[in-house]
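Novice: Chains A and B supply the protein sequences, listed in that same order. Per my numbering, numbering of the first sequence is gapless, rising by one per residue and ending at 322. Per my numbering, numbering of the second sequence is gapless, rising by one per residue and ending at 322.
Rather than coming from a laboratory, the hints here were simulated on the basis of the structure. Ideal Cβ placement from N, Cα and C applies to all residues, glycine included. Watch out, some of these pointers could steer you wrong.
[To be verified] Within a straight-line C-alpha distance of at most 27 Å, the following computed DSSO-like cross-link-like pairs (lysine-lysine) qualify:
no.: 1; chain 1: B; residue 1: Lys123; chain 2: B; residue 2: Lys292
no.: 2; chain 1: A; residue 1: Lys123; chain 2: A; residue 2: Lys292
no.: 3; chain 1: A; residue 1: Lys131; chain 2: B; residue 2: Lys203
no.: 4; chain 1: B; residue 1: Lys131; chain 2: A; residue 2: Lys123
no.: 5; chain 1: B; residue 1: Lys123; chain 2: B; residue 2: Lys301
no.: 6; chain 1: A; residue 1: Lys292; chain 2: A; residue 2: Lys48
no.: 7; chain 1: B; residue 1: Lys131; chain 2: A; residue 2: Lys131
no.: 8; chain 1: B; residue 1: Lys220; chain 2: B; residue 2: Lys203
no.: 9; chain 1: B; residue 1: Lys220; chain 2: B; residue 2: Lys48
[Said to hold, decoys possible] Not close to chain A: a few residues of chain B, all C-beta gaps over 12 Å, as computed:
no.: 10; residue: Asp23
no.: 11; residue: Ala38
no.: 12; residue: Phe66
no.: 13; residue: Val97
no.: 14; residue: Asp98
no.: 15; residue: His103
no.: 16; residue: Leu159
no.: 17; residue: Arg194
2 protein chains.
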Amino acid sequence: MNRNVCWAGVDIGGTNTEVGFLDSSGNFLLQAGFPTNAEGSPQKFVDKLRDVLDSNQAQLTHSHEFRGIGLAAPNVNYVSGLIESPVNFDWGTINLVDLLAQHYDIPIRIMKDANAAALGEMKYGLAQGMKNFVVITLGTGLGSGIVVNGELVHGANGLAGEIGHTVAINNGRRCACGRQGCLETYTSANGLRRTTLELMSTKSYNSELREISFNDLTAKMISDAAGEGDQLALAVLDFTAQILGRKLADVVAFLDPEAFIVMGGVARTGDLLLAPTREYFEAHLLTMYKGKVSILRSNMKDGQAAILGAATLVFDANEKHE
Amino acid sequence: MNRNVCWAGVDIGGTNTEVGFLDSSGNFLLQAGFPTNAEGSPQKFVDKLRDVLDSNQAQLTHSHEFRGIGLAAPNVNYVSGLIESPVNFDWGTINLVDLLAQHYDIPIRIMKDANAAALGEMKYGLAQGMKNFVVITLGTGLGSGIVVNGELVHGANGLAGEIGHTVAINNGRRCACGRQGCLETYTSANGLRRTTLELMSTKSYNSELREISFNDLTAKMISDAAGEGDQLALAVLDFTAQILGRKLADVVAFLDPEAFIVMGGVARTGDLLLAPTREYFEAHLLTMYKGKVSILRSNMKDGQAAILGAATLVFDANEKHE
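Produce the entire structure from the sequences given, and follow the hints as far as they go.
Specialist: Here's what the structure looks like:
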């Protein structure tokens, strides 16, 4: 048989979903994105995902045989494979693998998005050769994928990695999870928006952001304003960097990783956020770690680390079944 | 050869050191303790440790051949085997294995105390059969031993587990590590003493503890007073439980362990501390974990979990060399 083979990886985010088709070396043959519409029904999402998978696959159909689908999504329970009521989604608990399997007769696997991203970085990205590192996804929400002794940490219930729901500020902001002060309420895209409003109320900086309503405000607007020197936006990033830098220093004291790899929409802010984050991080590290632990920005495009990691699940499935 | 064999395990704490002699099934043949005197020189400690090892071994010498020494100490770097300037010791960085090896021609190994305790609990204690759990040592300082996927977490630099130096209260109490607000400044024996003084200054409870100077005050006095219904002492334990319960809930969000096993001098307070800790813990857990994660008190005596775990290092050394 002369035809090549291909696999799809899908990264389902709170705002956008990215679909990639990969060859057996992990090269991207095609990539396409669409709005997740997490407020809509899961069935609508499945229909849209099928459209995108099928129309993209059609472009490859003469050259490549389609062999499997790997899915990356928030709050995936490693043990059950269910997506368990992610905070930023109105889907409840769903079995996305079963919903898709009604339409595709090829292996389909699912994994938590940040874990998939950690796998992707370990096999193809900045974490190649690392045995202890943590991926931080700064998007609509905030997740982490933890690798210890060269293995993903899934935990006793298959739900490890919710660093976004550890406390950054005691009795702080209300979180959608029902608790208060969670890291996610400060350093996710929504956290940046909340901080912008807070600093508008407590500081007197002039800012173009004062023209924009909370509902219209996006993390990208804040990042763009900061890039143009807007003092309010810069103060938002500085506050965010302080919260994030301290929390990452705590992770070092606890787990002693060699690096953090940061990705996701908010990470696109780049050094505007990461440079002050590194400063606060170094200042809060235990002495023995100072200068030893890197905060790296993933050099892959949107969702590609998670797409690669998720696709790895079905690469493996094929290896086992052949 | 009809003689039995034995191994020594040594648990070096900030206040007391416990020495145990074990047979090959992990049974305690003898146990003896002495004050560590962490303000004295390391050489003085080595001399005292040799006295205790030799006098105890003399009692066993006709029945048991002495085959190895396993040491458990704070801040042991897993990679180098050095004790690296523990916060509550004036020893600086020392190579205790080399200091002892000048006097004993048998295998000597060393490991961080909380990791040794985790090994001991996994092989002989409450964690038998567990793959994901965290040991918390509440003593002069506060440490943790983390087990993930059935393996100890050492980290990239061999220093993982310093949960005592993650932040409990932002910009909180000064810590001996040079930072502020570390968990250890609230929930160690010293933390209890500091909280007692703080509550004496802010509350108006009558208390027998008001007769005692800070330097004379011990965690045991606070615990005993609480046991007698002293309102100030009970408030100290309640505050401590709140800080500890919240932090353990954060560990669950991050690592998803099946249980915590608590030990050390402060844990001897028993349910006076652990019952309210469990309440605050449950209240702060993410919904999906409520009722699923146990906080257990080790059922071994002082230092025995760490003694057993450290001795395991030389059991293994013998197995490999024979």
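Novice: None of the hints should be skipped; say for each whether it holds.
Specialist: Status of the hints after comparison with the structure:
The straight-line distance between the Cα atoms of Lys123 (chain B) and Lys292 (chain B) is roughly 23 Å, inside the 27 Å bound, and the hint therefore holds. At most 27 Å may separate the alpha-carbon atoms for a hinted pair to count; Lys123 (chain A) and Lys292 (chain A) meet this at roughly 23 Å. Proximity of Lys131 (chain A) to Lys203 (chain B) is assessed by CA-CA distance (about 49 Å); at most 27 Å being required, the pair is judged violated. Straight-line distance between C-alpha atoms of Lys131 (chain B) and Lys123 (chain A) comes to about 25 Å, which keeps the hinted pair within the 27 Å bound.
The hinted pair formed by Lys123 (chain B) and Lys301 (chain B) meets the criterion: a straight-line CA distance of about 16 Å does not exceed 27 Å. Distance hint between Lys292 (chain A) and Lys48 (chain A) is unfulfilled; the C-alpha atoms sit about 45 Å from each other, more than 27 Å. Of the supplied pair hints, the one linking Lys131 (chain B) and Lys131 (chain A) holds, its CA atoms being roughly 19 Å apart against a limit of 27 Å. This hinted pair checks out: Lys220 (chain B) and Lys203 (chain B) have alpha carbons roughly 21 Å apart, not beyond 27 Å.
Taken as a hint, the Lys220 (chain B) and Lys48 (chain B) pair is honoured in the structure, with Cα atoms around 25 Å apart against an allowance of 27 Å. No beta-carbon of chain A is positioned within 12 Å of the beta-carbon of Asp23 (chain B); the least distance is around 31 Å. Against chain A, the non-interface label of Ala38 (chain B) holds: every CB pair exceeds 12 Å, the least being about 19 Å. The beta carbon of Phe66 (chain B) sits about 33 Å from the closest Cβ of chain A, which is more than 12 Å, so the claim that it is off the interface holds.
With a cut of 12 Å on Cβ distances, Val97 (chain B) stays outside the contact zone with chain A, its closest approach being about 20 Å. Separation of Asp98 (chain B) from chain A is adequate, the least Cβ-Cβ distance of about 21 Å exceeding the 12 Å criterion. Remark: the non-interface label on His103 (chain B) is consistent with the geometry, its nearest Cβ contact in chain A lying 29 Å away (cut-off 12 Å). The Cβ of Leu159 (chain B) sits about 5 Å from the closest Cβ of chain A, inside the 12 Å cut-off, so the non-interface label is violated.
Residue-level check passed: Arg194 (chain B) sits 18 Å from the nearest beta carbon of chain A, beyond 12 Å.
Comparing the model with each numbered hint stated earlier shows that hints 3, 6, 16 do not hold.
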